[in-house]
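The whole structure should be built from the sequences, with the hints applied where relevant.
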Amino acid sequence: MRVLLDAAIFGAPPEFRARNLQESGESLLLDGLIAAGIDVTPVAPGLHTSWRGYDLVHLNHLTRSCVRLLAPTRSKVVFTRHKTEAPASRLQQRVLAGAYRHSDALVVMSETERALVLDIVDGVDPARMHVIANGVEPSHFPSRLRRRPAGGEPWRFVSVGQLIELKRVDLTVRLIADLRREGVPAVLDIVSQRETLRPELERLAAELGVADAVTFVGPQTRAELGRRLLDAHFLVVASRTEAQPTVVTESGFSGLPVISFRVGGVVEQLPAAHPVLEVADVGSLLPLTLDLMRDYEDVAAGFADNAAPMRERFSIERMVAAHIELYRGLAG
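Residue numbers (numbering that gives the first Met the number 0): 0 to 331.
I should point out that these hints are in silico values taken from the structure, not numbers from a laboratory.
Given the structure is predicted, the values throughout are model-derived calculations rather than measurements.
One should not assume that every hint holds.
Stated by the list, open to error - Cβ pair distances, simulated, as ranges:
(1) Gly150 <-> Asp121: 54 to 60 angstroms
(2) Arg239 <-> Pro148: 26 to 32 angstroms
(3) Asp230 <-> Arg202: 26 to 32 angstroms
(4) Leu165 <-> Pro12: 19 to 25 angstroms
Where a beta carbon is used, it is the ideal one built from N, C-alpha and C, also for glycine.
Okay, here's the thing in structure tokens:
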């Protein structure tokens, strides 16, 4: 079986991938397929890449490669979007509709995403949809039971992700300011491999009087991030849209409590009944945080108990095995 694995990460500069800054689901899938003896070729998205000679093509993300699915194709195609937000332009909407309509199989990362696609996209056969969660390398993220800070020590918050509008990191900066106004000592580390809005966020921190409490860490390797998560009390995910945030899985492996909005499949990455906020309910971010702080022993215990099930559900081995089963079913 010959597989063409199409993803933008395979066009990234070698130094970016070598630094281990971003272990994407696609790169981990590639390594797992190779280890399993699958004949797989990685390729960056392109309109003119030849699909001949492959038993199937797996397209990841809504890229230029998906334009070829505006019409039916002779190739067997698997499509994974890795996103739940509606495309901004009409052209992107048409291309996405074609990818949903003309692919032979659709991979979604959660039951939440599956239900969303079935609800908003006409003509998608549920039998073509396969829920396969992204796997995460666990070795960088050891687990331990968190404890509230000792007297005089601050609560440590972490934000991880690109500094772009949809991540809403400004809400997390404002949360730190709100906590300090409430008399709660709090500090924030912002880890990001893409710092587009850093100047604006630095100005915001200064205007709110929390520049001394907010550290822009920049990019980190997975090992560095794992150590930082171990030292934190909370991860904050303020995004207005996600699919399956990798850092939430990593925090789950680590036993780190998460403060999040209801985006993508995030509720399936958290302990049962852990509270999340609706995307528009930004005014409840501070009250929720204070509630989680008040009950921190119980919250931390819930995340610690959930670490082992998380490692099984979001294992690389499980992800790779599910893809191989899907591929073989399509290739015949």
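Q) So which of the earlier hints does this model not fit? A) none
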